[in-house]
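Colleague: Add chain B to chain A, keeping to what the hints say.
Chains as they are written, first to last, in our numbering: chain A, 1 to 447; chain B, 1001 to 1447.
These are computed hints drawn from the structure, not numbers from a lab. Just so you know, not all the hints are guaranteed correct.
Stated by the list, open to error - Each computed DSS-like pair below joins lysine-lysine, with the alpha-carbon atoms no more than 25 Å apart:
hint, chain 1, residue 1, chain 2, residue 2
1, B, K1008, B, K1089
2, A, K161, B, K1268
3, A, K8, B, K1161
4, A, K191, B, K1126
5, A, K191, B, K1191
2 protein chains.
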Amino acid sequence: MSTRTLVKNLAALPDGPVTVSGWVETVRDQKKVQFVILRDESGAVQLVNPATREVEEGADAEASARLATTEAISALAHGSFITVTGELKHDERVKLGGLEVKLASLDVVTAANPETPIAADSSLDKRMDWRFLDLRHPKQALIFRIQTTFLHALRGVWVEKGLIEIQTPKLMASASESRAELFEVEYFEGKAYLAQSPQFFKQMAQAAGFGGVFEVGPAFRADPSFTSRHATEFTSVDTEISWIDSHEDVMALHEELMVAGFQAVVDKHGAEIADLFGIELAVPSRPFPRIPLAEAKQIVADRGYVIPRADDDMDPEGERQISAYVKEAFGHDFVFLTDYAASIRPFYHMRHEGDPSLTNSYDLIYNGVEISTGAQREHRIDVLVEQARDKGMDPEELEFYLDFFRYGVPPHGGFGMGLARVLMLMLGETSIRETTYLFRGPTRLLP
Amino acid sequence: MSTRTLVKNLAALPDGPVTVSGWVETVRDQKKVQFVILRDESGAVQLVNPATREVEEGADAEASARLATTEAISALAHGSFITVTGELKHDERVKLGGLEVKLASLDVVTAANPETPIAADSSLDKRMDWRFLDLRHPKQALIFRIQTTFLHALRGVWVEKGLIEIQTPKLMASASESRAELFEVEYFEGKAYLAQSPQFFKQMAQAAGFGGVFEVGPAFRADPSFTSRHATEFTSVDTEISWIDSHEDVMALHEELMVAGFQAVVDKHGAEIADLFGIELAVPSRPFPRIPLAEAKQIVADRGYVIPRADDDMDPEGERQISAYVKEAFGHDFVFLTDYAASIRPFYHMRHEGDPSLTNSYDLIYNGVEISTGAQREHRIDVLVEQARDKGMDPEELEFYLDFFRYGVPPHGGFGMGLARVLMLMLGETSIRETTYLFRGPTRLLP
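Bound-form chain A, shown alone:
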């Protein structure tokens, strides 16, 4: 491994020789002195080189080397990866971190094409075409550092609780959610379908007596829409636990996970988030407010917004309105909307005892947008089959799933959460395209 020093570690070093590696962010090529801003994954540092513009005929090798270095810097294309050795010097007059490296030798590891295809003001679509360059911006890269920290904190909670990590198959023989949004795969002599969620398989783990499971993995929806919140492939954060009394137990776990995730992000990246996103990220307090959906719709109506939907569901503006209300009334960024109508929930959501028009379910709304759906599942096979029929589904097609319930299964529930949405809303971004490593949509499969 090259013995380079990460830029973020320079501040703690005394003045003296160092090696740094990274890419060229800017070059200021003045007559007498050259400045290069070198950036690596941890930060940026100023390199300085007194220019040697010409040497006498017959000058010594050292002078020739100085000339070569000067010319190499003049020729440096932005984005080129370089390794530099030089003298670290702490100097409070240097704006960038109060230090600079006086260049002794320069190795251009790979030169970039001189013309950069995107600029700071390029459209989002153009930036996505050149995502690998877009991600060099500290702000874009920070998103994925935050995501790493967030996921690691969630997994820490799950592991601590003894839950089991599963990797469920993405190739299925039939639909897991709705036939309408299903991708079909040529599978040898037949067909397979891409999993729209790990729903059936994480429930299978409950029948297997696993007690509780989690998974962070891809899910696929053949959704032709082009909103800022939808993708054809997205990372779903899933968990499912046994022996619950109701969806309230799922919400309690959900809160605990979010608090742990936000705490870790605030601790590790709070200052950078304030710096690059202008956001003072706070850890949400528990419990998160809970509002039954019917009540939430009344609150929204009282605010003067009539939800233009024929079914019983919220719409995006309704979610924004109820979120605004919760922020005003409780000072909270999160709200659980509970007890959704059975008419707009999948067949496997458990219905209220005594009122089958409502389900033991919730959506979690964060800063005005739905990030997750959770529920207690129906584990009684006769009721489950009835509810599937109710939804116009053919129980025969669901045989493999229904079998999970025929040999005993504990009461259970869980949630699925869109990772990119959480990050989008946490950082005040306007599209999940910004918080997805490589976005996939109806017209985007590249890069």
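Modeller: Relative to the frame of chain A, chain B by itself:
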């Protein structure tokens, strides 16, 4: 949440009232006394109930309840999930953990069908048909607890080193490895393909200046073979790091990850592994032995095995032989075979400086089976294009990938490792079907 006590926590409790929940493993219905073995995700406990076979006419409610409980136990189908309250009693005469619970009340949460479709001696294929029942066996469930611990330890190392977790898309516009084993997806008006590995996308992160990345996610191969080591969908453990000098740096990281993973597994599950698998799992020592492939083939030949392949590769028996040699010579379960011929490596592996017939690559062999391929990648665009042409590939089709190298990229490398293979070999299993949550093969898409 139900206030049940996990079975593993009973031992530490004093005698007294407890509630346990789980499924019925066995029932011994004797005339005077009934025994039920209840298992949950943490262990098994004996429940005991003095049988009440009949009550006098006009007996009190309590006596009727005792009769009802006795009859309920007699009717209990194996696998049914139950919640039991009763008196915990420590009694060293009880073989199972030195304790039992004297049953006070029994709630049959979900009754199982009385006929269990699989038995201990069922074929692997039959067991896979009923995977959710198969996974109730402590041995099968332990596999996924071990996997959870192993992955969490790996991620701990990556996070500690500052690597970034990425979720790369599984929907691609073209092949990432070989056209031959590519699944095709109907994608709106066109076609997409399922990623065979995150190779291109984890390299993209190096061009993006991420420094180092990791991913644990699905990979897909339309491989029609039915061996014990292949699946059409498998979990790939991937990492890629920048600023390496050679594949030696990748191997150093690989070793560090394996040692951390094995250490965590031994610490947390060593005793259970010994108990259920009869294996005394040890943490491998560093460094793992390294043998150049040419030398390994000579060693194998000297042992009397001639590899029946026309190309320069090892075959499975060759891998077993070299592993046996390493075990004899160095007492090690792991061996890095290095410097594979360019002819049998993908176009993106870097070739030796001075000998383009060899690559800066390795396979990691564990207990006789290849579990991973790693390499330094070629980051020089002109060389990379040349190597792609060499392999008969059309650089035009690789344009989006080749672009990653045109705007600067540091030297880098990484590996991909099959998770189910590691677990299979760690636990002495004979097929990855045993160590995959839900196996997918050419003729298996269910459950």
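Colleague: If a hint holds in the structure, say so; if it doesn't, say that too.
Modeller: To see whether the hints hold, each was checked on the structure:
Among the hinted pairs, K1008 of chain B with K1089 of chain B is consistent with the structure: their alpha-carbon atoms are about 14 Å apart, no more than 25 Å. Distance restraint check for K161 of chain A and K1268 of chain B: the Cα-Cα separation of roughly 14 Å lies within the 25 Å cut-off, and the hinted pair is therefore satisfied. A threshold of 25 Å between alpha carbons decides the hint, and for K8 of chain A with K1161 of chain B the separation of about 14 Å falls inside it, so the pair holds. The straight-line distance between the Cα atoms of K191 of chain A and K1126 of chain B is roughly 22 Å, inside the 25 Å bound, and the hint therefore holds.
Taken as a hint, the K191 of chain A and K1191 of chain B pair is honoured in the structure, with Cα atoms around 14 Å apart against an allowance of 25 Å.
Consistency with the previously given hints is maintained throughout, with no hint failing.
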